[in-house]
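Visitor: Spelled out from the first residue to the last, the chains are:
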Amino acid sequence: MSVHSRRVPEPSSSPTGHSSLLIGWVLVGLMGLATLLSVLIFAHTSLRLDEAQSLFQISRDVPGVLYLVAQDVHVPLYHLLLKFWTILFGDDIATARYLSVVFFVATIPAVYYLGKLIFSRRVGLFAALLLAISPFMLWYGAEARMYALLAFLTVIHQILFVQIFKIGRGRYWVLYVVVAILGLYTHYFFGFVLLTEAIFYLFFRKHFPVRSLPKFIVAGVISVGSLVPWLGYVYKLGLASNTQPYLGIPSSGDIFNTYAQFLFGFQSDGLNTVIISLWPILVLAAFFTLQRKKQTSPGSVFVIMLAVLPVLGAFVVSVLIKPFFLSRYLIVSLPSLVLVFAWIISIYPPRVQRVVQLVVIILISGLLVIQIANPNTPVKEDYQQAVAYVSSQSKAQDVIIATAPFTIYPIEYYYHGPAKLTTQPIWDRFASGSVPGFDATQLATQTQTNVSDYRNAWLILSYDQGYNQAIKDYYDNHFQQLTHRQFSPGLTVYEYKIRYDPTVSIK
Amino acid sequence: MRRVPHAVPTRVFLLLNISLAIAYFICIACFFPIGNPILFGVLIVAEVFHLWQALGYVHSVWPRRRLHRFNRQFQPPVAVYITVTGEPADIVEATVRGVLAMDYPEAHVYILNDGLVAGRENWREAEAIAEQYGIRCLTRTVPGGAKAGNINHALSQTDEPFIAVFDADHIPKPHFLRAMMGYFVDPQVGFVQSPQFYKNYAQNLVTGGAWEQQELFFGAICRGKDGSNSAFMCGTNMIIRRSALTQVGGMSECSIAEDFLTSLLIHQKKWASVYVSEVLAEGLAPEDFLSYYKQQFRWTRGSLEVIFKYNPLFRRGLTVSQRIQYLSSASFYLSGLIVFANALLPLIYFFTGLEPLTIGTMTLALFFLPYIFVVLYTVQLTSGFSYTFRALSFSLSAFPIHLQAIWQIIRGKKSGFVVTSKRAVAGNHGYLVAPHIVYIVLVGIGVLVGALREGLNPSILSNAAWALVYVASFVPFISAAFQKTTVPREDTVGVTEAIEEAHS
Chain A
1 MSVHSRRVPE PSSSPTGHSS LLIGWVLVGL MGLATLLSVL IFAHTSLRLD EAQSLFQISR
61 DVPGVLYLVA QDVHVPLYHL LLKFWTILFG DDIATARYLS VVFFVATIPA VYYLGKLIFS
121 RRVGLFAALL LAISPFMLWY GAEARMYALL AFLTVIHQIL FVQIFKIGRG RYWVLYVVVA
181 ILGLYTHYFF GFVLLTEAIF YLFFRKHFPV RSLPKFIVAG VISVGSLVPW LGYVYKLGLA
241 SNTQPYLGIP SSGDIFNTYA QFLFGFQSDG LNTVIISLWP ILVLAAFFTL QRKKQTSPGS
301 VFVIMLAVLP VLGAFVVSVL IKPFFLSRYL IVSLPSLVLV FAWIISIYPP RVQRVVQLVV
361 IILISGLLVI QIANPNTPVK EDYQQAVAYV SSQSKAQDVI IATAPFTIYP IEYYYHGPAK
421 LTTQPIWDRF ASGSVPGFDA TQLATQTQTN VSDYRNAWLI LSYDQGYNQA IKDYYDNHFQ
481 QLTHRQFSPG LTVYEYKIRY DPTVSIK
Chain B
1 MRRVPHAVPT RVFLLLNISL AIAYFICIAC FFPIGNPILF GVLIVAEVFH LWQALGYVHS
61 VWPRRRLHRF NRQFQPPVAV YITVTGEPAD IVEATVRGVL AMDYPEAHVY ILNDGLVAGR
121 ENWREAEAIA EQYGIRCLTR TVPGGAKAGN INHALSQTDE PFIAVFDADH IPKPHFLRAM
181 MGYFVDPQVG FVQSPQFYKN YAQNLVTGGA WEQQELFFGA ICRGKDGSNS AFMCGTNMII
241 RRSALTQVGG MSECSIAEDF LTSLLIHQKK WASVYVSEVL AEGLAPEDFL SYYKQQFRWT
301 RGSLEVIFKY NPLFRRGLTV SQRIQYLSSA SFYLSGLIVF ANALLPLIYF FTGLEPLTIG
361 TMTLALFFLP YIFVVLYTVQ LTSGFSYTFR ALSFSLSAFP IHLQAIWQII RGKKSGFVVT
421 SKRAVAGNHG YLVAPHIVYI VLVGIGVLVG ALREGLNPSI LSNAAWALVY VASFVPFISA
481 AFQKTTVPRE DTVGVTEAIE EAHS
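Chains as they are written, first to last, in the working numbering: chain A, 1 to 507; chain B, 1 to 504.
Chain A extracted, bound-state conformation (with noise of 0.2 angstroms):
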């Protein structure tokens, strides 16, 4: 006998009836605490920009859904959905999350299976726990935009390959190529789910079925090519991009930002560069995963592209070609790294393993606490605060000034005050085209205009686009400022006297 000749037999993957149904419930109660979580705490924060904006989209018949979401960055499957959803069960900003909260609870399970697929019940289980306690995924599971959809198809669709890898039979490839389809109509990034899977394919093709790939090529021109209709239609639009953000060129710390925030949440930066500054850790987490005859198979490696090439991708097309590097974008990367996550913890001896998944409990329920309860949290957009300190506050005649200009769709949402709403730089949203960019030379006209005819300006500033500073500093240096306050990180409110009339009296 060969020293390595030995090894060890596949995990068992077929429960008992009395674990299976253990398990089914294990299961259920961490989709009722995911949602317990959603319900009570993140559906009721501030409406985010993004999130008003996607009711400002929906807010149209279909046809004006689609050219509005067209003139965005992004594709229409969710926005659709969303239309539909708030018709039936109203318009107001919770409703919205709930739908979100839908996907994210049902990708619970889904990872479960998918775990219990490629590794073993353990390692699902564990992976659905991590998932249900995540603090990105709360935080993007209730949040009125495509992001929990996005994880769930691609999550649905790493298991639609992964049958397909095992067994091959017709109905997977229908279903993969449906979802596949939808996916790529809920975000342009599900475009790395597939090129993932395809790269995977170049390297593992022997572990698939006979005549597998005339099938893939099929399904993967089927695929894409059902996105050709939607680029036409962006590209006779013109390509015109409404509210897209300014991103910068992502560096090094970015990546592990990411990933510590898929695994920790958004912290403060203080505690971020804790977490981060820690990472030789991994190196020793590494070590620990060398064990006797705890062997990679193909599905394993399958989850650890699929967490790692879209987030590199992202970062090296950033880097060369133009910044779209976002944290949230790179959502699908999350589900296959919490199973990572949990595989590389099963791969340690017994008593290590328990100890160390009590301790990854613990630590990622703590930050998820610090990351609902800490005000300075990143991500946090407290508008709904900001808006209605300045509606006890402001007059008829005072006007309301939203820097970046699409900031306004939060506001108006919030805002039934008497004050004029405007933006800076002057955005007429009813024209065509994108927004208006700084102009330096036009900052004082366009500030003239704006605040002329009243009596005191409330500047609200968030989402620096790259002038907020600029236009902050030209109001200090022409009007007084009377107060300012913070709501959020990047969000606060400044006061400033315009005109010093006396008041008025109509009897």
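Hints in this document: simulated from the structure, not taken from any laboratory. Treat the hints loosely; a few may be bogus.
[As the list claims (entries may be wrong)] Just a few of them, taken from the derived set where beta-carbon distance is under 8 angstroms, the chain A residues facing chain B:
1) Lys215
2) Ile217
3) Ile255
4) Phe256
5) Leu278
6) Ile281
7) Val283
8) Ala286
9) Leu290
[Unchecked claim] Label pairs and their computed distance ranges (CB to CB):
10) B:Pro33 <-> A:Ala396: 55 to 61 angstroms
11) A:Ile321 <-> B:Val438: 40 to 46 angstroms
12) A:Val301 <-> B:Ser19: 14 to 20 angstroms
13) A:Ile362 <-> B:Ala451: 52 to 58 angstroms
14) B:Gln188 <-> A:Val301: 53 to 59 angstroms
Quick reminder that beta carbons are idealized off the backbone N, C-alpha and C, glycines included.
Put chain B on the given structure of chain A with help from the hints.
Guide: Below, chain B without anything else, positioned relative to chain A:
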């Protein structure tokens, strides 16, 4: 013809490994801003060594198709040597029984008894066993050359054209000779080696760690060496062609790593070697930490002596692959120096604030993490997923042994062959890991000093995490040292005595 199987499935990872290793080295050496020049120099030396080891490993395990001639009917007479130096009678007897049970037409068994010249009180036991089983016992009366001298003495007393060698605690399987001798049908084959397997590997932390360390060597590495005709003798479980051995003057008595050096000399004479990747004999790992320590010290000392005195780079007759393989194997024992230097870097930062590079810790992570992950995965992939954290721990933690051996060589002290104890040496050998415990204490103090000086900034945190990696890696080694051995033994000795004994 028998085709040598290679379990190494992919060249992609090996190429990726080398590419990342080179890319990482170039970044470290050329593109990152230098901090303290001395520390930078130390870092570069360490990285050069890592790069060399990576290249050596990839060269070892790179899949090659080397076909060996094999004929099961080739069954010439074989002398079977069992080398004995006062090992307990029950152990020797078990080996004799195993040897006699080998299924081979003409195998003449000899006990090579060195107990008398080694001053063992039980030296007569070997003769008694020989008499009991009707085999010859060749007891030396004139000392010299340790194990190599013992074998050479036997060579002069016997005349079989092939010699199989077993340590006193290595019991061959019945088909040992039939599985090995067929390779000698090729007249170019000078020796054939099979793996050492420790049947007591599950006995305790020391035997487990010792075996897991060996498993990588006797698996992927030796199979790879076979592919480049660079497999070397490992002291036991081997068969040598007499004419090859006599051509190089017998087993080399100039080194305590006599098997390693003799292999090199035989390869120099253009003989070929074969490694049979099948467990054909079962032996015993050192059962206590002191014995393990002594064994590792002997291997380190012997291997490093080859570098300094018989450097394969300058030996005529070796192929390029053989030069690389011999140098790679021998230089492995310099790794203690590199581990020590790397482990010191966080401490130096804590106490002085000096660092070799002044780049952001994230930038370093971006280059280092993919590199180390691919390295670890490649090791697992090529070793058939047999490498363990404990094996890594034992390798990293062996730095004091390596440093001690290097120091002895620098001082020019002579060294003798010490047989690894076949019985556990009683007692607690925790004192052998004093350097590791001191390191842990210094890390604790250092983190406090650094934090008081700079606060918990990213540099302090990263260095603390690095130190933690080393501390955690030392834990299995420290645990093994503190494991109490209860089996009494009359010749219990301390490490200093052991090393002095080795020098005598």
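Visitor: Was the hint right that Ile281 of chain A lines chain B, CB cutoff 8 angstroms?
Guide: Holds. Min distance 5 angstroms.
Visitor: Using the Cβ atoms, figure out if Gln188 of chain B sits within 53 to 59 angstroms of Val301 of chain A.
Guide: violated (42 angstroms)
Visitor: Take the shortest C-beta to C-beta distance between Leu290 of chain A and chain B; is it under 8 angstroms?
Guide: Since chain B brings a Cβ to about 5 angstroms from Leu290 of chain A, closer than 8 angstroms, the hint holds.
Visitor: Verify the CB-CB distance for Ile321 of chain A and Val438 of chain B against the hinted window 40 to 46 angstroms.
Guide: violated (53 angstroms)
Visitor: If I claimed the Cβ atoms of Pro33 of chain B and Ala396 of chain A lie 55 to 61 angstroms apart, would that claim hold in this structure?
Guide: holds (59 angstroms)
Visitor: With a cut-off of 8 angstroms, does the beta carbon of Leu278 of chain A approach a beta carbon of chain B closely enough for the hint to hold?
Guide: holds (5 angstroms)
Visitor: Measuring from the C-beta of Phe256 of chain A to each C-beta in chain B, is the shortest one below 8 angstroms?
Guide: holds (6 angstroms)
Visitor: Take the shortest C-beta to C-beta distance between Val283 of chain A and chain B; is it under 8 angstroms?
Guide: holds (5 angstroms)
Visitor: Given the hint of 52 to 58 angstroms, is the C-beta distance from Ile362 of chain A to Ala451 of chain B inside that range or not?
Guide: violated (24 angstroms)
Visitor: Answer holds if the nearest beta-carbon of chain B is closer than 8 angstroms to that of Ile217 of chain A; otherwise answer violated.
Guide: For Ile217 of chain A, the interface hint is violated, since the closest Cβ of chain B sits about 23 angstroms away, which is over 8 angstroms.
Visitor: Under the criterion of a CB-CB separation shorter than 8 angstroms, is Ile255 of chain A in contact with chain B as hinted?
Guide: holds (7 angstroms)
Visitor: Mind checking the hinted window 14 to 20 angstroms against the Cβ distance between Val301 of chain A and Ser19 of chain B?
Guide: For Val301 of chain A and Ser19 of chain B the Cβ distance comes to about 18 angstroms; the hint holds.
When each numbered hint is compared with the structure, violations occur for hints 1, 2, 11, 13, 14.
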